[in-house]
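Novice: Residue-level listing of the chains:
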Amino acid sequence: MFTLFRRVFFAVLLLSASHNLLANNADTQPSLAELSQQLISANYKEKAALAEQIALAEDDQAIVILQALLDSRLYYVKSNGQLLLVDSSGEPDSAQDAFTLQAVTGLGKRDIKKIGVNNSLRVALRSLISRAQISSKHKSQRMAAAQNLLKSSDDIDRAFIDQALQREADNSVAEVLHLVRALMQLKADQTEERIEGLTALDGALYPEVRAGLSEFIRSFSDEEKLSRKNEYQLAQTTLTDIEKLVSINGYIENLYFGLALGAVLLLAAIGLAITFGVMGVINMAHGEMIMLGAYTTYVVQLLMPEHIGLSLVVAVPAAFLVSGLVGVLIERSVIRHLYGRPLETLLATFGISLILQQAVRSIFSPLNREVATPDWMAGTFMINPALELTWNRLYIIIFSLMVLAVLALVLKRTLFGLQMRAVTMNRPMASSMGIKTGWVDALTFGLGSGIAGIAGVALSQLTNVGPNLGQAYIIDSFMVVVFGGVGNLWGTLVGAMTLGVANKIFEPLAGAVLAKIMVLVFIILFIQKRPRGLFALKGRAVDNG
Amino acid sequence: MKKLGLNTLSKATKVLAMTTLAAGISLANAADTIKVGVLHSLSGTMAISETTLKDTVLMMVEEQNKKGGLLGKQLEAVVVDPASNWPLFAEKTRELLEKDKVDVIFGCWTSVSRKSVLPVVEELNGLLFYPVQYEGEESSKNVFYTGAAPNQQAIPAVDYLMNDVGVKRWVLAGTDYVYPRTTNKILESYLKSKGVAAKDIMINYTPFGHSDWQTIVSDIKKFGSAGVKTAVVSTINGDANVPFYKELANQGVSAEDIPVVAFSVGEEELSGFDTKPLVGHLAAWNYFMSADGKENDAFIKQWHSFTKDDKRVTNDPMEATYIGFNMWTKAVEKAGTADVSKVQDAMIGISVPNLTGGMAVMNKNHHLSKPVLIGEIQEDGQFDIVWQTEGVVPGDAWTDYLPESKNLISDWTAPINCGNYNTATKTCGGAVAAE
Chain Y
536 MFTLFRRVFF
546 AVLLLSASHN
556 LLANNADTQP
566 SLAELSQQLI
576 SANYKEKAAL
586 AEQIALAEDD
596 QAIVILQALL
606 DSRLYYVKSN
616 GQLLLVDSSG
626 EPDSAQDAFT
636 LQAVTGLGKR
646 DIKKIGVNNS
656 LRVALRSLIS
666 RAQISSKHKS
676 QRMAAAQNLL
686 KSSDDIDRAF
696 IDQALQREAD
706 NSVAEVLHLV
716 RALMQLKADQ
726 TEERIEGLTA
736 LDGALYPEVR
746 AGLSEFIRSF
756 SDEEKLSRKN
766 EYQLAQTTLT
776 DIEKLVSING
786 YIENLYFGLA
796 LGAVLLLAAI
806 GLAITFGVMG
816 VINMAHGEMI
826 MLGAYTTYVV
836 QLLMPEHIGL
846 SLVVAVPAAF
856 LVSGLVGVLI
866 ERSVIRHLYG
876 RPLETLLATF
886 GISLILQQAV
896 RSIFSPLNRE
906 VATPDWMAGT
916 FMINPALELT
926 WNRLYIIIFS
936 LMVLAVLALV
946 LKRTLFGLQM
956 RAVTMNRPMA
966 SSMGIKTGWV
976 DALTFGLGSG
986 IAGIAGVALS
996 QLTNVGPNLG
1006 QAYIIDSFMV
1016 VVFGGVGNLW
1026 GTLVGAMTLG
1036 VANKIFEPLA
1046 GAVLAKIMVL
1056 VFIILFIQKR
1066 PRGLFALKGR
1076 AVDNG
Chain A
9 MKKLGLNTLS
19 KATKVLAMTT
29 LAAGISLANA
39 ADTIKVGVLH
49 SLSGTMAISE
59 TTLKDTVLMM
69 VEEQNKKGGL
79 LGKQLEAVVV
89 DPASNWPLFA
99 EKTRELLEKD
109 KVDVIFGCWT
119 SVSRKSVLPV
129 VEELNGLLFY
139 PVQYEGEESS
149 KNVFYTGAAP
159 NQQAIPAVDY
169 LMNDVGVKRW
179 VLAGTDYVYP
189 RTTNKILESY
199 LKSKGVAAKD
209 IMINYTPFGH
219 SDWQTIVSDI
229 KKFGSAGVKT
239 AVVSTINGDA
249 NVPFYKELAN
259 QGVSAEDIPV
269 VAFSVGEEEL
279 SGFDTKPLVG
289 HLAAWNYFMS
299 ADGKENDAFI
309 KQWHSFTKDD
319 KRVTNDPMEA
329 TYIGFNMWTK
339 AVEKAGTADV
349 SKVQDAMIGI
359 SVPNLTGGMA
369 VMNKNHHLSK
379 PVLIGEIQED
389 GQFDIVWQTE
399 GVVPGDAWTD
409 YLPESKNLIS
419 DWTAPINCGN
429 YNTATKTCGG
439 AVAAE
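Heads up: the sequence lines are chains Y and A, in that order. The numbering of the first sequence is this note's numbering, which starts it at 536 and goes up by one. The numbering of the second sequence is this note's numbering, which starts it at 9 and goes up by one.
The hints are simulated quantities; they were obtained by calculation from the structure and are not laboratory data. C-beta: ideal position from N, C-alpha, C; glycine also. Mixed in with the good hints there might be a few duds.
What the hints assert, rightly or not - Computed footprint of chain A on chain Y, listed as stretches where at least three residues anywhere in the stretch have a Cβ under 8 Å from a Cβ of chain A:
(1) 897 to 903
(2) 988 to 1001
To be verified - Beyond 10 Å from chain Y on every Cβ pair, some chain A residues (computed):
(3) 260
(4) 356
(5) 399
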């Protein structure tokens, strides 16, 4: 009893103390500059309190400073405590005074220090900034702010949201604000208010809405479930309706994941469809061609660090050339002596793959290399709040189809394609027609390797760029080509997409490890039934092969 | 590019020349040097992590020799390459102990490699220092474990999330092998003992080098939208981390919503990618490069001048190697000989400075007492230390949170002298319990 009293007493004391503090602040009105200055020596809790006061300051610069703090771009000069805004590179050359925005020069990397933020401070800052930006002129900023308010609906006033709603001219932003308001209504004292809130939440797909509803349902005690039966049931049906919609979107999302995985497999396997599928060379160094392409991307980015987006575009032909040339070199020096001896080819190319891996380790170090992702490939394309497609995968799906289309054109519509097909169908006949078969072999192998290099550019955006990059894809590539049918580009496309989607169907059911095993078993069984894959080539080529 | 390549090449030849030269000298007067075996993969998948530790040992050996060696003799490093191949680890250990007759081995990374080396060092009475965090449930007379046991990494991290961040729903995600499986088993039973319901724990395993994280990240996102704070405890190993974090960032899962705390992601792993989208995710270790302290500053400076690259980062297994090496030299001095059995006894109770301040102590169970730190990832690939234990945590070889090892302790001093002593039945069950 006594301890309870003591606790209450202290709580009251604390409250009044903090009240006094605030009141004092209101009297003396510490300037934005003074408050910001205190950030330097404050701990994380004090910083959160300071940030709140900064947000109250009637100065446009306040939000700029908070945003810089959130983005870790707020620095100070160690010697005199001058606050600086630095751009995202963190280079002292870009420093500006935080208040006058004048450039500050002559600072070294060790003269300035960043003002640190942690997760809880970031949450607080984001909520403060979104409160200010809800009245921004730009629609995208208002939208982001409204979505952020959904997360922190607990600590905002109703009046604030009502005002924002009145001001809001754009329907999509208003819709989100309505949801924020409805989530707040769930906590109201009057039944009508809560019912109104529940009705407004119907069909809303934001995860925060589901979280709010589950929390609301959990708050019912057993007696309340009976005494407030209507409300309870309404909440439950609203939630199940939403969850149904979410799960439908989940299926679409999963299909997309499958296609995206299929696109990666397709990219990795297209090159092999040429070297293995068309030429019949079991090329174990195929994965290393992919790896070389990824390292080419890294080198191109080193050469043009200012233009990350453009560097990817440049990297595509560069990777094609590098991997293609290495491919031609391998064909001329090793493989051409081993035609018709698949076992020796397998061993020789396996050896080459080890040599290439260790060469990369010696040249670039065994550590993974950092390949930057341009801004336009990051983030998601939102169809609705429960279905967001990641941009990078979307680009890779499109890119893989483009590569396939170009390759199909080369094979069907160019002289080189014609010669290539002629040589694979009947070598002696092609040779007697005056085609330099050795030369065509080298170029074909180079083409397949070059395309593997292009795949490396795409994969550098998804996974590690390291010496082991290729090994991860070699088995999958062979699987796709064998499954799709050797020597058939369409088979490769259909094979890759089928395997991708199948993997993603099994994965939620059985876990990632079992899903992979199941796909492998499925392919083994399938090959027993149809040894030549999905789309078998017919004709003389098959007999010769 | 070219310059870098030449540098690495010339470094490699130098090391090669040094070792062959040293081997030549040692044949002539073998008694005049103390031999230090270095058993880290320099090729294959694990080369990415292990080459750094090989360099760390070479740096420590060079430093010790500058100080006049040990017991008046020079130290001589014998470097072998087990090539990320587990059986080869055992063969190379045999070679080091039988042919090169090394006095101590620093090496291994991953529990599989240690388990393959274990019977060899026990048979030939070698001395192995293992510098990486691991799942515990083991204590050998011939091995000193300077990395973290689960109670020095996983359990404090979960405590931090539970008490300071208020996490109530847990995703335990790991790579499918012994360390994550055992750690997650321990964590699951620990969480349940703290009153977390089974429906609030999601466990997920993925193969080595898994690169397609779309479905799993999307599942984590759904699991985390139930209205209570959710966190991911990640024992995902090695290369699989980069695509995992990339997918998290792409699907918009930020550390503010669902923080990920990792036990295998350190400064070195982060140096391989763009860390901006990862800011705020956590890692638990016994050491961070950003720790303040003059030992740490001196160590980083020494490392930069040894590698001639002032961008190279330092990490936790390097600190564990540093502590292990310093403890070994101190124990050799104390014992007055490099003889394995004498050094083993002298090791217990030895204390050397941590790089993060304070002292690390070698306990009777061959595990260290050291502090536990939690760091948040920053844009520059470094960690901002947000929490640390008060004082040091003694490593526990046998976890108290699994029924099969609850009663086991390890004590390598008389009268118990046993790696898995059952305190209930008062019997010793051999060095390694059934898994």
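Novice: Going through the numbered hints above, which ones does this structure break? Give me the numbers in ascending order.
Specialist: Structure breaks hint 3 only.
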